[in-house]
Amino acid sequence: MRKLMLGNEAVARGAWEARVAFGSGYPGTPSTEILEALAEHEEVAVQWAPNEKVGYEVAMGVSLSGHRALVTMKHVGLNVAADPFFSSSYMGVNGGLVVVSADDPGMASSQDEQDNRFLAKAAKVLMVEPCDPEESRWMAREAFALSEQFDSPVLLRMTTRVCHQTGVVKPQEREAWSSRGYLKDIPKNVLLPSHSKARRFKVEERLVRARGLSEASDRWNPILKGSADIGIVTSGVSFGYVREAMPEASILKLGMTYPLPIERIRLFASRVKRLVVIEELEPYIEAEIRNAGIPAVGRELLPFTGELNLPLVEEALLGAPRHKVTVDLGGVPMPTRPPTLCPGCSHRGMFTLFRDMKLRVMGDIGCYTLGALKPLAAMDACMCMGASVGMAEGLEKFGGPKEKGKTIGVIGDSTFFHSGIPGLIDMIVNRSEATLVILDNRWTAMTGGQPHPGTGKDIRGNDAPQLNVAQVCRALGVQRVREVDPFDLEATRVVLEEELAAPEVSVVVAVAPCILGARLKKGEAVQIAIEECDRCGACIRVGCMGIHEKDGFPSVDPDLCTGCRVCAQVCEKGAISLPGVGRA
Amino acid sequence: MEITNVLFSGVGGQGILTSSRVLALAAVHAGLDVKMSEVHGMAQRGGNVDTHVRIGKEVPSSLIPAGGAHFLVSFEKLEALRYMAFLRPDGVAYVCPLEIPPLTQNLKKDGGYLKGIDGILEEKAPHVIWVDAPAMARELGDLRMVNVILLGALSRSLPMKEEDWEAAIRERFPAKVQEACIRAFRMGADHVASNH
Ligand SMILES: Cc1ncc(C[n+]2csc(CCOP(=O)(O)OP(=O)(O)O)c2C)c(N)n1
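Respectively, the protein sequence lines represent chains A and B.
For the first sequence, the working numbering assigns the number 130 to the initial residue and increments by one for each residue that follows.
For the second sequence, the working numbering assigns the number 1113 to the initial residue and increments by one for each residue that follows.
Simulated from the structure, these hints should not be mistaken for lab results.
Some hints here could point you the wrong way.
[What the hints assert, rightly or not] What follows is a list of derived Cβ distance ranges for each label pair:
hint : chain 1 : residue 1 : chain 2 : residue 2 : range
1    : A       : G341      : B       : R1256     : 42 to 48 Å
2    : B       : N1218     : A       : P632      : 25 to 31 Å
3    : A       : R348      : B       : P1246     : 48 to 54 Å
4    : A       : S684      : B       : A1197     : 29 to 35 Å
5    : A       : E627      : B       : A1197     : 23 to 29 Å
6    : A       : K650      : B       : E1211     : 34 to 40 Å
7    : B       : R1282     : A       : P462      : 42 to 48 Å
8    : B       : D1302     : A       : E169      : 36 to 42 Å
Glycine included, C-beta positions come from ideal geometry on N, C-alpha and C.
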């Protein structure tokens, strides 16, 4: 059978074939579709965790029970889960445990470009890297057996172009496998220092055994014999480019990249005149090869950042790309088209207020980060998930007159549950006077609308227990918690002013569902009384695709406008209104 | 390695992913290998998006090299121009004459649509075929048919047979719209056959 699948769907398929009992994780591009695809298999328990660390820990509990478990995240998610990731390496597994890290070379949807192959090495955890959907399927499947064979979690390291590549997959029957049952083993599973010291030796022993497999396996680390003039060592998505750029070359394709098969590489190198390493991001493989005293080139031929592609690899191997670009767009003033908040987005009014009130805004990650882009440009900093809270506390405490009483943190609800709560606890106990705005749109919007603890739905859309953001804040001990409707600009402004002035921590919860996540019906579009417009441009500066410049005047696109009235409320002339409703 | 490269471009939310999937499915039905690279995540929020589809006996990688696309299928004029450099010197651009203005920043400066874009497109592209899919879709009474109409227009240039396309459409769309999709697909195909 041949079936068309996305790389991420193929990972889910492989895990299902291996009789995985449980899947968890936290959404994050490019990893999100793995759990969504796994959830289509009713026999697997699949759930979103509030964050990657928790998802990892639940999966570890499932492994201890003797069942197979999968946990998925984007590359920065593994930073959040790094603590259990490193420590579970010492414990090893009972049922197989596979961790997917989906890296994002080129930062299509991420704040950094870290190369998580180094995390596998640092944690001494086995790592495998597929190059296309079919490999994603079989490597995911076999990773569970590897995990059990070597008593280690296995890192399945993907990248954007593997996750989001669609290709032909050959699905197989499910494996015959059943749970081993719980095994109580205190010296193995209780990481007291005395136990860890003993486990440290076990880790090293297992790496020696795993290296043995890596060295010997034609399945994981195949050699494609070709010309003796050049030998290319490569892995993951780069393999496809190498194969296409130089079909005649000898290729050592590494599927298991930790531990690396150094002796296999040495033998391969001895049979070719020149050894070249083609890998995306950091020279991870190349550094190991050079450390082993094997002469190789690679890094100097490739850019240090971004994704590879066929022309770049052709340039590295052949001196120039095969295809010439003949269309010259030089001189054409091409407008850019950056992503924007959707028409009707509940975040727009808030960021319009932040800008107009000249606040210092410590931001966070989510759709609302787009509030940092022009014309809103209403965010001062955004670092990593949850960081808005602590940064707001720090800036407010040590800032000058433009920061004192004017600093807010702004965080989405999914991000608040992910890692905002400990920051808020810090604000409370360390007497911060900053204000935290929580954008309660009920969905994890940025990654495509996954449910979170405040949604009241599970991954399959069934009803689930629902946490209330304001109640959580009150329970923690915040005295001043106010809920506002972010589509009512004036009322929201008054609340913000009061809470900024209050000499204690306050929380403002903006409650309005995500128009996409909640599948809201589009409302009727606003109308502009052009004769009353003085062309001040305030309506344009709310940054909405539903309203644009036409012959020097604002013009509404009735197909896009949802009638949210944010633009109407910033119009001082009152020229914008909903049909049949009085003007703002 | 004989590989046919088709690049789709448009604005996030226009449905270029659906078109690319149907094309890839048709290739699978024809017994060919296919690799496709798609966009998910941040770029989908109204930004420009592209998907790459590569079809052949054996396709090692999923990204089309610049200057290597045989066909460019664009759902929007500005996004046709943006990706034009992907075309080979003998490449063909199928362009939907739709204008979606990017976000304007103010009223004073001309932030609107690129002036004279039709002329620029015809001058820059090796060969342009205009496919007014929105007008045809309106004629059929369903604006969502734009993506299958464009596929129909493209289909005459590709090795897959009519039955491969039909099977792909049936696999991708729910039963109640399949017949309408197939009709729309033929409309796109006939448009190109009769005008070029
Ligand atoms: C550690 C980590 N995990 C996951 C992500 C991917 N990610 C970016 S924003 C976001 C959540 C956004 O949801 P929310 O805070 O509710 O804001 P919304 O997009 O709904 O406005 C996620 C999951 C990330 N950047 N970092």
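Among the hints numbered above, which are violated by the structure, and what are their numbers in rising order?
1, 2, 5, 6
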